[in-house]
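A.B. asks: Based on these hints, arrange chain B on the given structure of chain A.
These protein sequences, in sequence, are chains A and B.
Taken in order, the first sequence gives residues 55 to 272; the numbers are from my numbering.
Taken in order, the second sequence gives residues 36 to 269; the numbers are from my numbering.
Bear in mind the hints are in silico, worked out from the structure with no lab data behind them.
Each residue gets a CB set at the ideal place from its N, CA and C atoms; glycine is no exception.
Careful, some of the hints might be misleading.
Facing chain B, from chain A, some residues (calculated, C-beta under 7 Å) [to be verified]:
(1) Met-104
(2) Asp-114
(3) Pro-118
(4) Leu-120
(5) Lys-125
(6) Thr-127
(7) Met-176
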Amino acid sequence: MPRTRDQLAERAAKELRDGFYVNLGIGIPTLVANYIPADIEVTLQSENGMLGMGPFPYDDEVDPDLVNAGKQTITELKKTSFFSSADSFAMIRGGHIALSILGAMEVAENGDIANWMIPGKMVKGMGGAMDLVAGVERVVVVMEHANKAGQSKVLKRCSLPLTGTGVVDLIITDLATFEVKADGSGLVLTELADEVTLQDVAAKTEAVYEVALERAAA
Amino acid sequence: MRKTFSDANAALEGVTFDGMTVMSGGFGLCGIPENLIKALRDTGVQGITAISNNAGVDGFGLGLLLETRQIRKMISSYVGENKEFERQYLAGELELEFNPQGTLAERIRAGGAGIPAFFTATGVGTLVAEGKEVRDFGGRDYVMETGLKADLSLVKAWKADEEGNLVFRKTARNFNPMMATAGKVCVAEVEEIVPTGSLDPDGIHTPGIYVDRLVQATFEKRIEQRTVRQREPA
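If we strip away everything but chain A, and leave its shape as in the complex, we get:
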């Protein structure tokens, strides 16, 4: 069965390591915070100017001056620090964030990612996505394998305007997990979701990939 949104988040959480500073994108990546393993400590960065993001507030704790990058109300922790947007992106651009988990419209076998613009439709903007993919050490994409029309989102080359080139390290979809080779020379299929077959993935994947399954299911 394809992974659900929560299973995607749970799988992405396995990329977290003790001591990591991490930036989570909007949507499924936000859910990753619910699956941080209990035996490790990670610090969540919010690009609007916060390190050490806590859970959503209780109703009587809501503070309009305390929001995350999705403009949702949030809470602080004992370790929290606040800073300007310039400092925040110095952190991101300067390579101080270990991991970014974000969604995508398309990903290509060379590590290109497109997640901000569909020509002909209203463009809302790239926000911090271009800075994150360019600056963060390891970029993990979490997304549906195919779009609503059933077309592959794991492509030979992205067709949509790019967010970054050669920046993606790992692709986690509802069907499978792919590593992008460090030299950008292609993809390696390393995991299949429960009850998903190689044939299922092949039917929905435009990109070329090698297969090196680490375990039968994940």
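C.D. replies: What follows is chain B alone, placed relative to chain A:
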């Protein structure tokens, strides 16, 4: 020289003109100079180029200046929350320049710090880099981005003293400190003006040299995405 003004409208007297460039602080609706935006609307100034991470929402924040068609161009990173913005943009009535959020923040910081341009890896190989110089440093490509300045910057802080030293609160800081440095004139609205000497000099976020005018105001502080969790039953 006295920096404090009686209200937001008075604080904008003599510093606005048609065709001007205005920076406005905030992230979404968090930390926006909501009173100064209303005062800017009331001046009737036309043809504004607005530099702001977002464009407000319908009826609040910069959305107010879009409603009155006072904005000619926006430089932003994300504008998804505003229907009037979308309508004017699709009708060709509004010019729009998207900047990656970190590039926008750094362009403003650079503008205020006297740095005319800088190189960043953000946007290399994308539409953002088109027509801009790309240079190799240590085997990686970087695109040149220019510093940004404004005729007027409108910022929101938590507290100020009478010297204009500013302290921000939590994530309401965002773009405000850099914008304070990049405006020819900077007007700050704050929740409380305290006597000079009562703020800890080590805890000041924006030194008063950047702040020309100050106004104490009350704030609606609208929340865009009120998200809460439920308490476990006892």
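A.B. asks: Given Pro-118/A was flagged as interface, is its beta-carbon under 7 Å from a beta-carbon of chain B?
C.D. replies: At 4 Å from the nearest chain B Cβ, Pro-118/A passes the 7 Å test, so the hint holds.
A.B. asks: Would the hint on Met-104/A stand, with a C-beta cut-off of 7 Å toward chain B?
C.D. replies: holds (5 Å)
A.B. asks: Interface hint check: Lys-125/A, Cβ to nearest Cβ on chain B, cutoff 7 Å. Holds or violated?
C.D. replies: holds (4 Å)
A.B. asks: Per the CB criterion, is Asp-114/A less than 7 Å away from chain B?
C.D. replies: Nearest chain B Cβ about 9 Å off; hint violated.
A.B. asks: Using 7 Å as the Cβ threshold, decide whether Thr-127/A counts as touching chain B.
C.D. replies: holds (5 Å)
A.B. asks: Holds or violated: the hint that Leu-120/A contacts chain B, with Cβ atoms closer than 7 Å.
C.D. replies: holds (5 Å)
A.B. asks: Taking the closest Cβ pair, is Met-176/A under 7 Å from chain B?
C.D. replies: With Cβ-Cβ at 5 Å, under 7 Å, it holds.
Hint check: a violation occurs at hint 2 only; the rest are consistent with the structure.
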